[in-house]
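Asker: Residue numbers (the UniProt record's numbering): 1 to 259.
Each hint should be verified, as a subset may be incorrect.
Said to hold, decoys possible - Pair ranges (Cβ atoms, derived):
#	residue 1	residue 2	range
1	105	175	42 to 52 angstroms
2	102	160	41 to 51 angstroms
3	101	193	38 to 48 angstroms
4	109	177	21 to 31 angstroms
5	217	73	33 to 43 angstroms
6	220	138	19 to 29 angstroms
7	227	178	13 to 23 angstroms
These aren't lab readings, by the way, just hints derived from the structure by calculation.
Each residue gets a CB set at the ideal place from its N, CA and C atoms; glycine is no exception.
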Amino acid sequence: MSSPSSTNPIIVIVHGAFHPPIYYRKLVEPLRAQGYTVLAPPMPTTGLDDSVAGTTYVDDVRRINESLLPLFDKEGREAVIVGHSQGGIAGSAATEGQTVADRQARGLKGGIKAVVYIAAVTFPKPGATFLELMGVTEENLPYRVVGPHYVPTLPVEKKGVVPLYNMLPEAEQWKAAEGIVSQSRASLNVPVHFAAGDVTVPKTYIICTQDMALPPAVQKAWAEGSGCRTIEIETDHSPFMDDGRANQVIDVIIDVAGK
1 MSSPSSTNPI
11 IVIVHGAFHP
21 PIYYRKLVEP
31 LRAQGYTVLA
41 PPMPTTGLDD
51 SVAGTTYVDD
61 VRRINESLLP
71 LFDKEGREAV
81 IVGHSQGGIA
91 GSAATEGQTV
101 ADRQARGLKG
111 GIKAVVYIAA
121 VTFPKPGATF
131 LELMGVTEEN
141 LPYRVVGPHY
151 VPTLPVEKKG
161 VVPLYNMLPE
171 AEQWKAAEGI
181 VSQSRASLNV
191 PVHFAAGDVT
201 VPKTYIICTQ
211 DMALPPAVQK
221 AWAEGSGCRT
231 IEIETDHSPF
241 MDDGRANQVI
251 DVIIDVAGK
């Protein structure tokens, strides 16, 4: 394994709803092996207990900043944000005031140089909640409300397709689903104040063309509405669960990091 290079930008993986960072190891480990410092902080909105209650993307942004800002301030490092699914919300908002240009204007070193979205929630403009962006109510979501949490609704008999992982063999889909945790109910119900459309650094959106959880047509509309360059990969909602598809995502990340 290569030692992390201080000349490479830091890669920050902002995980999606219900999925703790361990799910992203097929992205994290190969990138580290190629000499990248990779951060995959656990978001406060996702977890196993009531600590997630009431948390929103604002708390997630705070966690991202806790990880990144010391590396900007002390080492002058630059970073690429990689936001998956709901992680696109916090990933976008984390750039506010923290791009390389923003920080240079304040006489500071380092900063965020680019964003990569993977089948991500990207608001073209601020002011809406996730539910409003989707045009749905809680009753239409494939989640159960359990107190302050959302929990995905999956068949009790553990048969059939899991939309998050529909390109994996069926047994692997259900194995993957076993690690799903709860998501803060508030995280989908708070208006977003800084959207993907507000992000000023280069933005690349990976459209997952076989996604059964977030329709590719919706991804395309969000990406184009937010001013993103688009790349299509034939994958389900979770390309990081398969080595081959994860490698395609890694190629995109490395390409963006090198620009």
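Asker: Return the numbers of the hints above that this structure violates; sort them in rising order.
Answerer: Going through the list in order, the structure violates hints 3, 4 and 7 and respects the others.
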